[in-house]
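Student: Here are the chains, one letter per residue:
Number of protein chains: 2
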Amino acid sequence: MEWSRESEDRLASFLGGERFRVWYLLSGDEARARAMAADICLEQTVEFPGDLVPPGLIKDAIVGRVESFGAAGPGLFRAGISFAVETAQSDIVQLLNVIYGNISIKPDIRVERLELPAGLLAGYSGPRFGREGLRKLLGVPGRPLTCTALKPMGLSPGEIAGQAYRFALGGIDIIKDDHGIQDQVFCPFEERVARCAEAVDRANRETGLRSVYMANVTGRMDRIQASARRAKELGAGALLLCPSLTGFDALRLLAEDRAIDLPVMAHPSFGGVMATSGTSGIAHPTLYGTLMRLCGADATVYPNFGGRFSFTKEECVGIAGATSERLGSLKPIFPAPGGGMTPERTAEMLDVYGKDFILLVGAGLHRNGPDLTANARQLLGMLERM
Amino acid sequence: MEWSRESEDRLASFLGGERFRVWYLLSGDEARARAMAADICLEQTVEFPGDLVPPGLIKDAIVGRVESFGAAGPGLFRAGISFAVETAQSDIVQLLNVIYGNISIKPDIRVERLELPAGLLAGYSGPRFGREGLRKLLGVPGRPLTCTALKPMGLSPGEIAGQAYRFALGGIDIIKDDHGIQDQVFCPFEERVARCAEAVDRANRETGLRSVYMANVTGRMDRIQASARRAKELGAGALLLCPSLTGFDALRLLAEDRAIDLPVMAHPSFGGVMATSGTSGIAHPTLYGTLMRLCGADATVYPNFGGRFSFTKEECVGIAGATSERLGSLKPIFPAPGGGMTPERTAEMLDVYGKDFILLVGAGLHRNGPDLTANARQLLGMLERM
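Going line by line, the protein sequences match chains H and E. Going by the numbering used here, the first residue of the first sequence is number 860, and it counts up by one from there. Going by the numbering used here, the first residue of the second sequence is number 860, and it counts up by one from there.
Be a bit skeptical, because a hint or two may be false.
Identical chains share a label here; the pair holds if one copy fits it or two copies do between them.
[To be verified] Calculated cross-link-like contacts (lysine-lysine; reagent style DSBU-like; alpha-carbon spacing at most 35 Å): (1) Lys965 x Lys1172; (2) Lys918 x Lys1091; (3) Lys965 x Lys1091; (4) Lys1190 x Lys965; (5) Lys918 x Lys1172; (6) Lys918 x Lys965; (7) Lys1214 x Lys965; (8) Lys995 x Lys918; (9) Lys1214 x Lys918; (10) Lys1172 x Lys995; (11) Lys1172 x Lys1190; (12) Lys1172 x Lys1214; (13) Lys995 x Lys1214; (14) Lys1091 x Lys995; (15) Lys995 x Lys1190.
Everything labelled a hint here was simulated from the structure, so no lab data went into it. Model, not experiment: these values are computed from the prediction.
Starting from the given sequences, assemble the full structure and let the hints guide the process.
Tutor: Next up, the structure:
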């Protein structure tokens, strides 16, 4: 196999030498792990057997490069593999393709961490609001933010809006659609968003607070952006999106759209296996922290430890860490642990997360009886006393 | 907890009684599996504790319903759970959300199979070409179709187009971009697609055959449709998309767009964990067969057994089965097993798949020496003798 001088020269003219690094955890014995690391270098780039790649720039710079390799535990190895930024610079879709495209089909390879240099981060404006922007918008300088979900699926827009009003009266900062409430015939998007936005606005006028209604815009690819713009027109103050259902780039599109200019919360629906698959997938902090933030989420929902899901405390702390660690000049975002949270767990969460998190309590706010405003006030009172 | 009469009446006016069914495989002992089945019914719909859902239509019709439950193997149970079509009728995104949204985060729940009634299938036009349409387009009535990938990443558009020309001269039916070749600076989409389409067209004029160049349109959400239309203008004869990277709805959008009117092949990049995660995720036939077809893929790529990936023969046969089993009036599509395939494995594949599959040989066509046309002719000759 040989390729033309023209092709080689052209490639040389475009490669700047900058590389991003992916840390992979590889399960197996050392020989197998070393073979897997070598295989990743080919599979994620040239998809060509190594012996068919002739000497030259493709072999030297396009094929991934094992920069480091070492033990990471019993039967576990860590490989740091670098790729030329030009292989994945075009968009998040291609970045994910190089990081974990074909190898997602191969067992025992897990993406642990990313190291993204300036040349790659330059393509991402990241979160529009971030922690500081969201606090300012909501007028909540110090304590954890509060969030609840409008539910259950099956209620009419009027009933949902009634809930929104009562939660807003009680002072909940972010009142979001449950992620399963979308554009069903019994609760269509347009009517629901209009009524909920109006309800929260009315409550705000009564309380003097700045609660926001967060509309779920997860849906058809060709409608997400229009839905978000429409939600804004109708008075929604924030947006909810499930990137694993819509594709991660939808998040980027919403965050970058100046006509929308609303905070976006990422919800983990459909993508859970990516984190929970043990020796495969993408580590929790990278998936829910780094990637959501890179795509422009201002807050990232994930199931808190000790709730009705399976994440460990360590995994949750890792996610929270990734929401604020240095990532170029991208703003830190809010971790939003939820999933069966109750007001009673607030103290423990403050202890683990500090004050920079979104306390997401859904059904837990219905547990103490039908007066949602009172239940919300009780939660806020508890938070403010802490 | 109580909800208004108005809300209940409104819901009643919209529910037609039709339900779709999802078969879940649940790992654990029977008590745990039964509890998981009950939990799925709530988690995927109301996201509300069962004891907080009052009697009424939400409890009766919106909450999922365990229709059947039984043993499926040692420590494995199968639950058939039905959901009202109205919970998920709006689009594929919401359908996936109800089928496997939040429970993707819970271990030991695997989607085995879907049973989609007319009221739900009515929202999907499915594959535009299907097996018959693709055979007609390519002028290949009987034998398996052939497909190869232009690679490796790093080559210039001119070099890639040269490959395309030589493969087309050799009679390969579908000459596709490698899924990692996207819109890199060293091989930009516009220039590559124009040159490859021209090259294949030129070869067709020489051979009298009807090879097509398949352009990879995987990329930013706001560019996929435009890229596909542009590819068509430039002369591409088919499209490649990675739905797990772009969101499944991108596939539907391409398939439904009359201005595009090109066959679409779905590639499994990034979504592998969904199938390979064992006791979680979505079973191979449903993920690569049913869902890709539902969204409108005319062909679905997956790693063949015995190649460089890990799928078993049974899993592959299951996928092929799902590409043609009855799915409303949706056309059967082509299974496209690939991933380290060589011409030598053709006989075995014919034996397993019959003649209705796409023989996807990538690097295997480079193995026998640099004359790609000769290598392609050898493959076609072998196929035609069988």
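Student: Which earlier hints can't be squared with this structure?
Tutor: Hints 8 and 9 not satisfied by this model.
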